[in-house]
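K.L.:
All chains, full assembly: derive it from the sequences and hints.
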Amino acid sequence: MNKITKNIDEVTIRFAGDSGDGMQLTGGQFTTATAFVGNDLATMPDYPAEIRAPAGSLAGVSSFQINFGATEIRTPGDKSDCLVVMNPAALKVYLKNLREGGSIIANADNFADKNLRLAGYESNPLQNDSLGRYQVYAVEISKLTQNALKDLNLSPKIVDRTKNFFALGLTYWMYNRPMEPTLKWIREKFAGKEDIIEANTRVLKAGHAYGETTEIFTVRFEVAPAQLPPGRYRSITGNEATAWGLMAAAKRANLELFLGSYPITPASEILQELSKYKNYGVKTFQAEDEIAGITSAIGASYGGALGATNTSGPGLALKTEAMGLAVMLELPLVIIDVQRGGPSTGLPTKTEQADLLQAVYGRNGEAPIPVFAACSPTDCFDTTFEASRIALKYMTPVIVLTDGYIANGAEPWLIPKISELPDLSPTFVTNPEGFAPYKRDPQTLARMWAIPGTPGLEHRIGGLEKENITGNISYDPDNHHLMITTRGEKINNITNDIPLAKVVGDESGDLLVVSWGSTYGAVHNAVETKRNEGLSVSHLHLKYINPLQKNIGEILSNFKQILVPEINLGQLIKILRDKYLVDAVGFNLVRGLPFSAVEIEEKIDEMIKRG
Amino acid sequence: MNKITKNIDEVTIRFAGDSGDGMQLTGGQFTTATAFVGNDLATMPDYPAEIRAPAGSLAGVSSFQINFGATEIRTPGDKSDCLVVMNPAALKVYLKNLREGGSIIANADNFADKNLRLAGYESNPLQNDSLGRYQVYAVEISKLTQNALKDLNLSPKIVDRTKNFFALGLTYWMYNRPMEPTLKWIREKFAGKEDIIEANTRVLKAGHAYGETTEIFTVRFEVAPAQLPPGRYRSITGNEATAWGLMAAAKRANLELFLGSYPITPASEILQELSKYKNYGVKTFQAEDEIAGITSAIGASYGGALGATNTSGPGLALKTEAMGLAVMLELPLVIIDVQRGGPSTGLPTKTEQADLLQAVYGRNGEAPIPVFAACSPTDCFDTTFEASRIALKYMTPVIVLTDGYIANGAEPWLIPKISELPDLSPTFVTNPEGFAPYKRDPQTLARMWAIPGTPGLEHRIGGLEKENITGNISYDPDNHHLMITTRGEKINNITNDIPLAKVVGDESGDLLVVSWGSTYGAVHNAVETKRNEGLSVSHLHLKYINPLQKNIGEILSNFKQILVPEINLGQLIKILRDKYLVDAVGFNLVRGLPFSAVEIEEKIDEMIKRG
Amino acid sequence: MNTIPIYTTKDFQSDQDVRWCPGCGDYSILAQTQRVFPELGIPKEKVVFVSGIGCSSRFPYYMNTYGFHGIHGRAAAIASGLKIARPDLSVWVATGDGDGMSIGGNHFIHACRRNIGLKILLFNNQIYGLTKGQFSPTSLQGQVTKSTPFGNIDHPFNPLSLALGAQATFVARTLDRDPKHMQTVIKRAAAHNGTAFVEIYQNCNVFNDGAFELWTEKDSKDDNVVVLENGKPLIFGKNKDKGIRLNGFTPEVVSLTDGKYTTGDLIVHNEKDSMLAFILAGMSGIPNLPRPVGVVYAVEKPTYEQLMQSQIDEVATKKRTGDLEKLFNRGETWEVK
Amino acid sequence: MNTIPIYTTKDFQSDQDVRWCPGCGDYSILAQTQRVFPELGIPKEKVVFVSGIGCSSRFPYYMNTYGFHGIHGRAAAIASGLKIARPDLSVWVATGDGDGMSIGGNHFIHACRRNIGLKILLFNNQIYGLTKGQFSPTSLQGQVTKSTPFGNIDHPFNPLSLALGAQATFVARTLDRDPKHMQTVIKRAAAHNGTAFVEIYQNCNVFNDGAFELWTEKDSKDDNVVVLENGKPLIFGKNKDKGIRLNGFTPEVVSLTDGKYTTGDLIVHNEKDSMLAFILAGMSGIPNLPRPVGVVYAVEKPTYEQLMQSQIDEVATKKRTGDLEKLFNRGETWEVK
Ligand SMILES: Cc1ncc(C[n+]2csc(CCOP(=O)(O)OP(=O)(O)O)c2C)c(N)n1
Ligand SMILES: Cc1ncc(C[n+]2csc(CCOP(=O)(O)OP(=O)(O)O)c2C)c(N)n1
Ligand code: SF4
Ligand code: SF4
Ligand SMILES: [Mg+2]
Ligand SMILES: [Mg+2]
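Note that the protein sequences, when read in sequence, are chains Y, R, W and U. Residue 560 in the working numbering sits at position 560 of the first sequence, with consecutive numbering throughout. Residue 325 in the working numbering sits at position 325 of the second sequence, with consecutive numbering throughout. Residue 64 in the working numbering sits at position 64 of the third sequence, with consecutive numbering throughout. Residue 252 in the working numbering sits at position 252 of the fourth sequence, with consecutive numbering throughout.
A couple of the hints might just be wrong.
Beta-carbon label-pair distances, calculated as ranges [what the hints assert, rightly or not]:
#, chain 1, residue 1, chain 2, residue 2, range
1, W, R320, R, D9, 38 to 46 Å
2, R, T486, Y, N254, 46 to 54 Å
3, W, K337, R, E554, 38 to 46 Å
4, R, P230, U, P287, 25 to 33 Å
Quick list of in silico lysine-lysine cross-link-like pairs, DSSO-like style, CA-CA up to 30 Å [unchecked claim]:
#, chain 1, residue 1, chain 2, residue 2
5, U, K301, U, K46
6, W, K337, R, K184
7, U, K132, W, K318
8, Y, K276, U, K301
9, R, K603, R, K550
10, W, K319, R, K417
11, Y, K560, Y, K609
12, U, K301, U, K10
Honestly, the hints are just simulated from the structure, not real lab data. Idealized CB from N, CA, C, for every residue including glycine.
P.N.:
Here's what the structure looks like:
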């Protein structure tokens, strides 16, 4: 056969099938192989809604998308170039995310009556002409798998379970990925179960061979390695990175890490991940509710640990009162909010950015808390580490905002050397001389920290207003004003401790697009595209939501128009307009989905045209 | 004796003494007598911090301030003209609130060693010249009381308890108030206890006679009746008015009232008041916590009652998650937040305005809730009634903000005719035809309301995102965006249903002072004073915080400068700046105290001067 | 006078697709409930199912009655408000071991204490199902779950003991795999005046499969379950050859065939004995004892809503029905002309 | 090796003015605590008092140890985090019937269940003191309070039963007016390994004066209180002439002088018998029985913090002390040059 190899810069593939079809595993293996050849990449699983639905149903579809390339990859990809579907429901759900002209690889064996009906198809889309705008490869994956294993005497159920490896092998061929990492993984994973090893290995190879030998595939693609900073990499999800960021911070602070938590989608993996590291000075406490999650963490911080708590929106709401206590006590605390679709229970498995105002303003009284937002899976590590640094240095709770999109997404992570991370060790007071619990560091305004167990420093703290310096209860009006403003100043002081913001693109121009959190990638790509087209547009990404960096006002003032895309009805924009009195314009789609670069691009065009 | 009578327009008196001295009762009686003569008035108790302190200590002082006059009275008064003190601690605490040249009436008998020491006086201030700037009347109140009761054979303890009536009688004489209302009250209150009636009566009269006959008092004051709208009046505190506002709304809606509540200072009186009215179709439920308070109220609303819940800042924080549920369910609910000093436990018995941003923004996801603020004790009635109207008409939770200052303060209230209040009756759907739980009124966008017990309308609602019209669970991206924006629009629609804002003073000029909530009175007085001095300053008061009235932007644009005084670090101002991009300036004192008019006046001068 | 229509199981099935994992024990609970409801004599429109969040909390969607899917842990509180406002309704709470015993533990014990007329069905699968497999307050010590990779160190609640300690007036246990028994228990709960608490052992075949096998599987259940019947001695075993007697206050298994003990030595169940109820509930914590199922405790005590109504009636009798106009004008008032 | 200084009561008195109402029962609790602490052999700096909000929750300010005045209801949760992070500390919770049983009920039962090493002192005055007199979950039915002008319709918790139902391993009751008894009980609580729960009857002389008179006043207490002593029969009365025996499972008062019963017929207290504990706790709910005070229940069970430490040790032995650098580089990694 004559096969053509095309060189391309970037590809997005989605594997989709029923929950039981092993799509997450398939995607994971594809990711490993892709990392192995040195592409940059980003991945995104999409699970079905919380409760498992009947096999073959639309609600039961599970998928995994990977975007990889020879250049820097910032999102798991907007539309996919290739859609691998194991059943009709998967096709139904994800066809709209396939770009025009993209490829569909379908397990034709599963496009039978019952499954078609479950997916709501009246006739078989592989056989009518409804998919004319795409490149359709209807492959009898189930049968080919059975053929490959005919002589092995395995139960039909087990045979059926290996069919995802056929799809994987086929895509390995198509995108020219090495099979070796997966073969190694199979050997290790199923060590001792020789028949399973044999079966999976055979099926993977069969898929690969099918691409190589059959006539229906005429093109294969080559994606050259990306220019990544040198070093050792691994793939990491946002939630893993958050967990590890906390561990690294505790390590560099020489403190034990205490996580007080209550499970909630999509934040539970942080608890689950940290609960594996009992032997790393990590204590996890699955509390009875979110309130106990945060208050136990405050108790632990009081005892001299790095206290942390993680949750999603509804849980953050419940932690509100206790956050105010942490503000009053001036104890370090890291609060992680993995945002999901709201309000209320909302769309628990979908992504959103609508907790920002809650994080910044949602407390009784004047209770300022720094709020930082992560912009990608790996940035969750950096942001959590940075939040811990500020929490310990300024004796304050800090909120880290991530969201379902980056929490579940994964990308390659340049593994840091722990010893090269900043030292975060706090100074515990031990000398009774001159000690007062609310005496402050004149520069940071952080109060002194003395922990129980220190002789001679016995003292009492609490949530009532306290007298400046002594920390005794005080009802004095002027003292109250002083303490309120001091606590505010302390948080504002953090602006002296964080880098200035940097614009990507020109420092002035027609349009500045301001992003925060997980919209980073889509905005970055869109602005890049539009700059390449010659438009005068730049990009400002904000990691620090509260306090804002010192030079934000100046940056904003250098552009004719300002666009703030957010997956909410406009939240960051409120803060920018209030603070800088700039007539920024919002772009708000609240659909439980990340923005695509194309959506941003269109909005940029519209703004530039309008002038 | 030759006594002069001076006519004055307005007086402020403060009665202060130990917690056991009956100052609240004294103040209450003075208020009744003052109302009786037709003055306008406003009152304010000041209790000691929560836990009772030793007799005679500074922490144990309790006081009652009344401001009354021949003109409209809008605050309980800044500084007092006359300070009645029953012990040295009371003098120590409140002297700074007495205007220069003001009068002090002191119970000289209590200015003995122990009490002086407890108050921190080294020598007797009545005897040294430290009070030279004031008119001091040192009266042996205890002894004179004993003399009056010598022959009655009462225990010394009981005799001592009547001495506040001596002070009361004396002030009645000084300010020319009738004794009859108090004499009547004594007869009714102590009916059956003839000796107590006799004692109190005698002592009251003795105090009055003392003023009339002794030489030390040479001046008495005459305050003419005020021009108040005609009708029947009573004195009412803010918390009472809130409770009654809810009752009146339920009555006019033909619904039962259900209050789910958990005690918290300074909001508990609302629960306590409503718990008295079992026979008025009012059900009060003291729940196990604030969360059960609000969720039980949501349950009751679901059942077709007017559900309400009341609390203060820390409790509002706890209700956050459930408020989001109410938004999603689109059920009527009135949430009352009597603000107090924060953050955290803060200053529980003091006043503050720092829950505004929490009320407007403090929820996960996009969860818009109308927020209204009361500006005076009687306005609590109107605001609560209005909140109920909107809640029922728009099927939405509504937050009412009051604060410790107006909750505990009292003023005369023109008693409304229930039958003349607007009809708030909702329409419960009963016809299954065309029913869908999220079908909306095209004008208000309120959804249909069908309550359990209605045959054929069985349906399910919940906190997950729901499909437009049917209310079924929906994970559809576009539906989510539609529902998010629809819920937002519904709240914005309320602007069509509320009156336009009115400026007091000119419609344009140099300076507009914008107030909300309880700062109304001080700002009003200050602006009036400054206008009388010829300054170009006007006053805009906002009752509707969310949504803002339609004409706010236009009003703001007509002034050169805008001043927003708030008892917080600047909260309403953030919303105004964001929304209207006006460079408003904040004036922020967070001392647990209301603003005084003088403070506002000074700020106005400063702004006008700066130009 | 209204007559109640004659219902069938179908009448209680809503039009929503049931979305539990195939094989989940929740299906049985739903089926039994739908089967029993036609017999309760309650008009459909008077029934409300309230829930929190969890797999179990999806229950209301599938019942063709009024339904309220609340927020996590708050079902009992929501239902309390509803029942107080509307004592005429039959209010049911569907909750899980996480929803009802972890985040919702406080509302649960307070509902029990108040004896508010709620029927609380606790779907106990000893795991967090919806969030995919973390331990719950009823998970066993040592249990490996997503959040306890080295085994759970929490000691579990005994839901029956907790309810009794919180003054519940009706406490029962049943099993997803015993439809007939569940039906009886649900009927008893429905008939109870006040808070009725039913713990249902429910298999989560995805995250905690087989947790209750011993008590539900054909070959083991007879020897490991003792079915409580009021007034009857505690006998169990495939051949009804074993019984429970008290040794001091501690229950122990005795053989009825070795001649040492006879039926007369056994505990006789008395639903109204609160002390016995604690002993029976406590059996779950003692190794080698069979698991009691059935109505452990059931006594009549005035309900919260009855007490509230009496108080309203009393006050109304003493003070007449309130007239707001009069109230506003009562006490110190004055006229301005 | 450090030796612990010899303390006096004074050493445990902080420099803060005590701000309870004159006559409040809280003074006695403070005094007994300060009296007992020198005898506990715990270095002062190792002691932390954690509280919520309420009159009782001001307690930490007055103890010259480390102190944490939290938010309403959360003391047990704060203290749990502290104790887990710092098992070396002696962590005490001072809470009220509102703080600990109403808003804080859930944290309370979960602390009991987990057997976390906290000493929980519940100042039960059957009222909300700090907020000036609303009823609490331990207020009596019928009690007139600020929020129940026509009498309380809530049925109260029995704190001892609730703690037992939640699997507490140490449960005791004492009285503000019996200093010696309180001292013994506090010492026993301090010595207990795991959660120790002590209910203290505390008079709020301002909002609920005399609530416990019957059991604290000279002329009535002997006939109305039975002091529990492990291994001893339940005898009480001014002349030690009455006892408690069981009638079925129900305790009843018998005379020891009318010849019908002797000491041998009486209940013999056994702190380790969980079923007896429920019976003794339940006595408060039965009219005409004397109120038991003392240690109702005390058993040893591994504590949460011990189990956590064992698990840490076990994992550390199996997997060595974690090396973060290695962890980060474990599994699938690749090199970019
Ligand atoms: C405030 C809040 N916290 C956490 C969650 C996440 N959550 C949903 S269900 C659940 C526990 C479910 O367990 P259970 O109640 O036992 O129900 P099951 O799914 O096992 O039936 C949790 C933790 C949530 N939805 N809301
Ligand atoms: C979140 C919150 N809700 C309510 C309150 C108000 N509050 C303070 S103490 C208290 C109850 C006090 O009763 P209890 O715990 O019995 O303590 P006591 O004062 O009787 O010692 C309440 C309701 C609060 N401070 N915070
Ligand atoms: S996860 Fe478990 S409890 Fe939930 S539906 Fe599936 S089997 Fe049932
Ligand atoms: S209110 Fe009651 S509990 Fe509080 S300090 Fe006073 S007497 Fe004690
Ligand atoms: Mg469960
Ligand atoms: Mg109390």
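K.L.:
Now tell me, hint by hint, if it's right for this structure.
P.N.:
Status of the hints after comparison with the structure:
Distance hint for R320 of chain W and D9 of chain R: a CB-CB separation of about 45 Å, consistent with the stated range 38 to 46 Å. At about 52 Å, the beta-carbon gap between T486 of chain R and N254 of chain Y stays in the expected band of 46 to 54 Å. For the pair K337 of chain W and E554 of chain R, the supplied restraint of 38 to 46 Å holds, since their beta-carbon distance comes to about 40 Å. Between P230 of chain R and P287 of chain U the Cβ separation comes to about 60 Å, which falls outside the hinted range of 25 to 33 Å.
Restraint check for K301 of chain U and K46 of chain U: satisfied, since their Cα atoms lie roughly 23 Å apart, inside the 30 Å limit. The suggested pairing of K337 of chain W with K184 of chain R holds, with an alpha-carbon distance near 23 Å, which does not exceed 30 Å. Of the pairs offered as hints, the one joining K132 of chain U and K318 of chain W holds, with about 28 Å between alpha carbons and a cut-off of 30 Å not exceeded. Distance hint between K276 of chain Y and K301 of chain U is fulfilled; the C-alpha atoms sit about 25 Å from each other, no more than 30 Å.
Our distance criterion of 30 Å between C-alpha atoms is met by K603 of chain R and K550 of chain R, whose separation comes to about 28 Å. Between K319 of chain W and K417 of chain R the CA atoms are separated by roughly 21 Å; this keeps the pair inside 30 Å, and the hint holds. Under the criterion of a C-alpha separation no larger than 30 Å, the hint pairing K560 of chain Y with K609 of chain Y is consistent with the structure, at around 13 Å. Only pairs whose Cα atoms come within 30 Å are accepted, and K301 of chain U paired with K10 of chain U is rejected, the gap being roughly 35 Å.
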